[in-house]
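S.K.: Go ahead and model the full structure; you've got the sequences and the hints to work with.
Protein chains: 2
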Amino acid sequence: MNFTIQNVLIATHDDYATVDVQVVDSKIAAIAPKLDVIGAVFNGSNKLLLPGFFNAHTHSSEMWQRGIMSAFPLELWLAELYDFAPLDLEKVYLSALGTAVETLLSGGTSVVDHLVLIPGQELETIATANRAYQEVGIRTFIAPLIQDESLAAGMPSGESPQNHEPYFRSTSATLEIIEEAVKKFHHPDAGISILVAPTGIQLCTDALFTGCIELSDRYDLCRHSHLLETKAQEKLAQEKYGCTAVEHLNQIGYLSDRTSLAHCVWLSDRDIKILAETQSTVVHNPLSNLRLGSGIAPILKYRQAGVNVTFGCDGASSNDSQDLLEAIKIGSILHNVTDLDYQHWITPRQSVEMAALGGAKGLNVADKLGSLTVGKQADLVLYDLTNLSLLPRTDPIGLLVLGRPTNIVDSVWINGQQIVANSKVTTINVDELRQELFKHSQWETKRKSSTVAQIETHYRTVMDLPDSK
Amino acid sequence: MNFTIQNVLIATHDDYATVDVQVVDSKIAAIAPKLDVIGAVFNGSNKLLLPGFFNAHTHSSEMWQRGIMSAFPLELWLAELYDFAPLDLEKVYLSALGTAVETLLSGGTSVVDHLVLIPGQELETIATANRAYQEVGIRTFIAPLIQDESLAAGMPSGESPQNHEPYFRSTSATLEIIEEAVKKFHHPDAGISILVAPTGIQLCTDALFTGCIELSDRYDLCRHSHLLETKAQEKLAQEKYGCTAVEHLNQIGYLSDRTSLAHCVWLSDRDIKILAETQSTVVHNPLSNLRLGSGIAPILKYRQAGVNVTFGCDGASSNDSQDLLEAIKIGSILHNVTDLDYQHWITPRQSVEMAALGGAKGLNVADKLGSLTVGKQADLVLYDLTNLSLLPRTDPIGLLVLGRPTNIVDSVWINGQQIVANSKVTTINVDELRQELFKHSQWETKRKSSTVAQIETHYRTVMDLPDSK
Numbered sequence: 001m002n003f004t005i006q007n008v009l010i011a012t013h014d015d016y017a018t019v020d021v022q023v024v025d026s027k028i029a030a031i032a033p034k035l036d037v038i039g040a041v042f043n044g045s046n047k048l049l050l051p052g053f054f055n056a057h058t059h060s061s062e063m064w065q066r067g068i069m070s071a072f073p074l075e076l077w078l079a080e081l082y083d084f085a086p087l088d089l090e091k092v093y094l095s096a097l098g099t100a101v102e103t104l105l106s107g108g109t110s111v112v113d114h115l116v117l118i119p120g121q122e123l124e125t126i127a128t129a130n131r132a133y134q135e136v137g138i139r140t141f142i143a144p145l146i147q148d149e150s151l152a153a154g155m156p157s158g159e160s161p162q163n164h165e166p167y168f169r170s171t172s173a174t175l176e177i178i179e180e181a182v183k184k185f186h187h188p189d190a191g192i193s194i195l196v197a198p199t200g201i202q203l204c205t206d207a208l209f210t211g212c213i214e215l216s217d218r219y220d221l222c223r224h225s226h227l228l229e230t231k232a233q234e235k236l237a238q239e240k241y242g243c244t245a246v247e248h249l250n251q252i253g254y255l256s257d258r259t260s261l262a263h264c265v266w267l268s269d270r271d272i273k274i275l276a277e278t279q280s281t282v283v284h285n286p287l288s289n290l291r292l293g294s295g296i297a298p299i300l301k302y303r304q305a306g307v308n309v310t311f312g313c314d315g316a317s318s319n320d321s322q323d324l325l326e327a328i329k330i331g332s333i334l335h336n337v338t339d340l341d342y343q344h345w346i347t348p349r350q351s352v353e354m355a356a357l358g359g360a361k362g363l364n365v366a367d368k369l370g371s372l373t374v375g376k377q378a379d380l381v382l383y384d385l386t387n388l389s390l391l392p393r394t395d396p397i398g399l400l401v402l403g404r405p406t407n408i409v410d411s412v413w414i415n416g417q418q419i420v421a422n423s424k425v426t427t428i429n430v431d432e433l434r435q436e437l438f439k440h441s442q443w444e445t446k447r448k449s450s451t452v453a454q455i456e457t458h459y460r461t462v463m464d465l466p467d468s469k
Numbered sequence: 001m002n003f004t005i006q007n008v009l010i011a012t013h014d015d016y017a018t019v020d021v022q023v024v025d026s027k028i029a030a031i032a033p034k035l036d037v038i039g040a041v042f043n044g045s046n047k048l049l050l051p052g053f054f055n056a057h058t059h060s061s062e063m064w065q066r067g068i069m070s071a072f073p074l075e076l077w078l079a080e081l082y083d084f085a086p087l088d089l090e091k092v093y094l095s096a097l098g099t100a101v102e103t104l105l106s107g108g109t110s111v112v113d114h115l116v117l118i119p120g121q122e123l124e125t126i127a128t129a130n131r132a133y134q135e136v137g138i139r140t141f142i143a144p145l146i147q148d149e150s151l152a153a154g155m156p157s158g159e160s161p162q163n164h165e166p167y168f169r170s171t172s173a174t175l176e177i178i179e180e181a182v183k184k185f186h187h188p189d190a191g192i193s194i195l196v197a198p199t200g201i202q203l204c205t206d207a208l209f210t211g212c213i214e215l216s217d218r219y220d221l222c223r224h225s226h227l228l229e230t231k232a233q234e235k236l237a238q239e240k241y242g243c244t245a246v247e248h249l250n251q252i253g254y255l256s257d258r259t260s261l262a263h264c265v266w267l268s269d270r271d272i273k274i275l276a277e278t279q280s281t282v283v284h285n286p287l288s289n290l291r292l293g294s295g296i297a298p299i300l301k302y303r304q305a306g307v308n309v310t311f312g313c314d315g316a317s318s319n320d321s322q323d324l325l326e327a328i329k330i331g332s333i334l335h336n337v338t339d340l341d342y343q344h345w346i347t348p349r350q351s352v353e354m355a356a357l358g359g360a361k362g363l364n365v366a367d368k369l370g371s372l373t374v375g376k377q378a379d380l381v382l383y384d385l386t387n388l389s390l391l392p393r394t395d396p397i398g399l400l401v402l403g404r405p406t407n408i409v410d411s412v413w414i415n416g417q418q419i420v421a422n423s424k425v426t427t428i429n430v431d432e433l434r435q436e437l438f439k440h441s442q443w444e445t446k447r448k449s450s451t452v453a454q455i456e457t458h459y460r461t462v463m464d465l466p467d468s469k
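One line per chain: the protein sequences are A and B, in this order. Residue 27 in full-length UniProt numbering is what sits at position 27 of the first sequence, and the numbering runs on without skipping anything. Residue 271 in full-length UniProt numbering is what sits at position 271 of the second sequence, and the numbering runs on without skipping anything.
Read the hints as simulated data drawn from the structure, not as lab findings. Be aware that one or more of the hints could be misleading.
Okay, derived cross-link-like pairs now, DSS-like style, lysine-lysine, Cα gap no bigger than 27 Å in a straight line [what the hints assert, rightly or not]: (1) A/K273 with A/K301; (2) B/K439 with A/K34; (3) B/K183 with B/K368; (4) B/K231 with B/K448; (5) A/K424 with B/K368; (6) A/K273 with A/K235; (7) A/K439 with B/K34; (8) B/K448 with B/K27; (9) A/K301 with A/K235; (10) A/K376 with A/K27; (11) B/K301 with A/K231; (12) B/K376 with B/K424; (13) A/K439 with A/K424; (14) B/K34 with B/K273; (15) A/K183 with A/K231; (16) A/K446 with B/K34; (17) A/K34 with A/K376; (18) B/K301 with B/K235; (19) A/K231 with A/K273; (20) A/K301 with B/K376; (21) B/K446 with A/K34.
Pairwise CB distance ranges (calculated) [unchecked claim]: (22) B/T461 with A/E444: 55 to 61 Å; (23) B/S450 with A/T461: 55 to 61 Å; (24) B/R218 with A/D14: 51 to 57 Å; (25) A/T461 with B/Y219: 54 to 60 Å.
Glycine included, each C-beta is placed from N, C-alpha and C at the ideal position.
M.R.: Here's what the structure looks like:
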């Protein structure tokens with residue numbers, strides 16, 4: 001579809017301008033005042049146009065457990081999550097739709113789904129999530145979550161050696177599944193990319209990482225992992241490698257300008273330097289890091305060291321939403337308490353650049369996405385500046401990033417196709433989705449994770465916490 | 001108005017129950033399954049009923065500068081704020097309406113407005129804000145913000161003695177204004193209370209505090225102040241008193257079970273004990289504390305010491321919204337990173353109790369408000385649990401507190417009067433308010449505070465920051 005947005009506010013270097021924006025053949029063709037009309041016309045008056053943001057790390061199926069997970073740190077939280085994750089393909093489909101809709105309506109046009117795979121139905125899980133995303137029309141980066149060690153291996157042993165059951169699937173079988181997924185689903189030009197995504201050092205052998213590096217090189221795939229989300233993982237890395245996780249990942253060649261790393265809370269200054277040198281991207285998930293008590297990622301240090309940083313919501317049961325503007329706000333202001341010097345603080349314009357161009361860089365598509373630049377793909381979001389939550393009028397980007405915008409996304413185009421119009425998703429029936437989510441769930445209050453009961457004492461001992469009450 | 005809400009979900013000790021709730025003569029008359037219908041009937045199916053929350057600290061007129069304030073710590077931020085605060089009564093009126101509406105639509109039924117007074121029009125300012133709140137119908141606690149030292153006195157001097165201009169109005173004249181306001185506007189039974197509200201130790205003499213204590217005792221008024229919001233204020237207290245601010249306020253008798261104190265970021269363990277002993281209330285404003293880099297208030301320590309804690313949005317230009325659910329969420333999960341022991345973390349049910357009963361305690365109205373209890377006033381909020389942002393169904397309070405609820409307030413009653421129905425405020429025309437806010441403002445990007453230019457070098461020196469770039 002070709003179209004022209006007229007009289008719309010855009011951000012310039014340090015100000016705003018009112019311009020027309022032409023989109024031709026899914027690309028931004030011109031940005032200037034008073035352009036000729038091409039194709040359909042959209043009225044941009046009192047609206048702000050920004051490049052689409054990236055929800056650069058999430059796990060869509062966690063939506064089924066949002067609101068109910070206990071107040072636990074990651075290691076116990078994961079045990080509870082898996083105890084109550086009765087996944088089926090229909091639920092995978094619905095939660096991918098829900099993740100896409102919430103992302104879209106908060107300014108996101110791309111989603112990186114670090115997708116939990118149903119054992120034995122791995123390719124079907126990927127196909128199902130992909131189908132949901134294609135129906136909505138969001139730009140899709142599916143990062144099938146893989147590991148080759150069992151969950152208990154993810155906790156430091158402390159002084160007592162632990163024996164863990166082997167993982168149910170071999171490393172080579174896992175890699176074969178990923179290769180198959182790439183062959184079937186990896187079509188970047190059609191808006192769907194597959195990433196290699198070993199979950200992280202806590203549950204992956206070097207053989208798995210190395211296999212992923214090979215696939216990444218062979219098929220030109222981005223790489224995506226969790227990294228040093230918790231203090232426990234920092235301890236584990238020392239136990240496992242005798243060095244930091246970053247040093248180890250660098251040694252085996254995993255870090256690169258196509259590698260994005262979720263969390264990065266517990267890195268040393270030397271680790272930060274390695275991320276900068278390898279041009280790796282940090283995906284900051286502030287709400288999840290607070291909810292799970294993981295810590296405050298040293299984002300201001302990353303920025304000062306030249307590390308690319310972008311934002312993610314993380315899965316909805318550690319957040320517990322998929323609102324990207326909320327993640328951007330908290331992920332920006334949270335760091336003001338870590339550095340008394342306000343000259344280092346993230347400004348709203350910098351937040352927008354991190355969320356758009358920062359996301360594109362981390363996925364190796366900065367030449368095609370992430371800014372309002374002639375020649376780039378038209379992944380665009382039009383915000384209604386007459387909404388109560390963005391009034392009175394002051395600085396539009398300040399209001400958007402620092403406020404609590406509600407119902408402010410007027411229109412969204414992805415690859416030039418309009419998928420939100422008049423604040424409604426046009427590609428799927430959201431009311432029907434709502435009914436399906438309602439129907440497939442029930443009010444719950446009391447549940448006890450049997451795995452947590454088994455491992456909590458060990459966790460408290462290893463983390464030097466007093467005996468449980 | 002008498003009414004009955006049928007088949008509504010309420011929280012019980014550690015579960016939920018479906019009940020009917022009868023309201024007679026503005027009070028909760030009965031809570032039980034299958035009650036007789038009295039008065040109008042409301043369908044509570046798939047809805048959650050909670051007591052109204054308290055927005056226990058805000059400054060309504062700051063709404064005019066939300067989104068545009070620079071990334072500054074409090075002391076510089078205040079200088080910028082006052083440089084660009086061209087207040088008139090019409091703006092006071094509109095921003096009070098805006099504050100009331102955003103508070104209501106995020107679960108708040110009471111607002112504590114630490115109201116900035118227009119010099120020379122102090123009583124008119126109070127009358128105007130009061131008129132706005134009464135038109136909306138929200139329960140109102142107006143805390144006229146007073147001081148008797150000039151703004152520059154609020155910064156520590158460091159090693160160089162500073163001379164400050166005297167404040168433009170005498171202490172006694174200020175106290176007379178407050179007494180006049182009490183006589184005119186203080187009608188707690190009609191839902192409007194006046195508080196004595198010296199802004200804080202940074203800008204108030206002991207004479208002002210003592211005068212406020214006398215008024216508070218004579219007219220049975222609550223007391224409200226900022227307390228130790230920044231590290232600079234901690235330094236200033238030592239310069240001014242040779243002891244901590246809390247020790248000093250305790251010595252002069254300001255702390256009491258009717259005293260609520262906004263921020264409380266920089267308190268010592270001994271200070272915390274004093275707050276507990278005096279039964280003072282801490283109003284936690286997490287978003288403002290992050291935005292201004294003030295620090296993380298030690299809320300878990302307060303709770304363990306038995307200090308009552310509730311939540312506020314703070315003024316909209318340090319937040320930059322008036323969404324109480326956002327403040328409750330961040331004010332709850334933020335503290336998980338301050339204590340590795342998750343058994344101390346705030347659970348969603350505790351958050352709700354802090355926001356409702358905690359607010360009522362701090363304003364000395366816990367016998368009348370803050371819980372769903374037969375005999376208490378009907379300040380009630382009904383949440384629509386079929387909203388997409390609260391689905392799929394899990395734990396309703398978990399979803400409400402930890403999620404990112406959007407458009408979920410179905411109905412609000414204050415003192416038994418319905419003022420939100422079908423998610424719309426019924427008492428004022430919100431669309432008209434939106435238009436007025438739009439009309440009275442304009443897009444702004446570049447502005448420079450001349451006061452900041454004067455004081456920034458001194459601030460950076462006193463705070464041991466490197467020379468400005």
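S.K.: Would you check the hint for B/K376 and B/K424, treating anything up to 27 Å between C-alpha atoms as holding?
M.R.: 25 Å, holds
S.K.: Given the hint that A/K439 pairs with B/K34, test it: the Cα-Cα distance must not exceed 27 Å.
M.R.: Since the Cα atoms of A/K439 and B/K34 sit roughly 25 Å apart, the hinted pair holds (cutoff 27 Å).
S.K.: Compare the distance between the alpha carbons of A/K273 and A/K235 with 27 Å, and conclude whether the hinted pair is satisfied.
M.R.: Measuring from Cα to Cα gives roughly 20 Å; hence the hint holds.
S.K.: CA of B/K183 to CA of B/K368, is that 27 Å or under?
M.R.: Holds. B/K183 to B/K368 sits at ~23 Å (cutoff 27 Å).
S.K.: Quick check on a hinted range of 51 to 57 Å for B/R218 and A/D14, using CB atoms only.
M.R.: Taking Cβ atoms as reference, B/R218 and A/D14 lie about 54 Å apart, which means the hint holds.
S.K.: Would the hint linking B/K231 and B/K448 be met if the CA-CA limit is 27 Å?
M.R.: Within the cut-off at roughly 25 Å; holds.
S.K.: Holds or violated: are the alpha carbons of A/K424 and B/K368 at most 27 Å from each other?
M.R.: Distance of about 42 Å is beyond 27 Å: violated.
S.K.: In this structure, is the beta-carbon distance linking B/S450 and A/T461 contained in 55 to 61 Å?
M.R.: Holds - the Cβ-Cβ distance for B/S450 and A/T461, about 59 Å, lies within 55 to 61 Å.
S.K.: Do the alpha carbons of B/K446 and A/K34 lie within 27 Å of each other, as the hint requires?
M.R.: 25 Å, holds
S.K.: Between A/K301 and B/K376, does the CA-CA distance stay at or below 27 Å?
M.R.: Distance ~51 Å between A/K301 and B/K376 Cα, so the pair is violated.
S.K.: Measure nothing beyond the straight line between the CA atoms of A/K231 and A/K273; if it is 27 Å or shorter, mark the hint as holding.
M.R.: 20 Å, holds
S.K.: Given a hint of 54 to 60 Å, does the C-beta separation of A/T461 and B/Y219 actually sit inside it?
M.R.: Cβ of A/T461 to Cβ of B/Y219: about 57 Å, so the range 54 to 60 Å holds.
The structure does not agree with the numbered hints 5, 8, 14, 15 and 20 stated previously, though it agrees with the rest.
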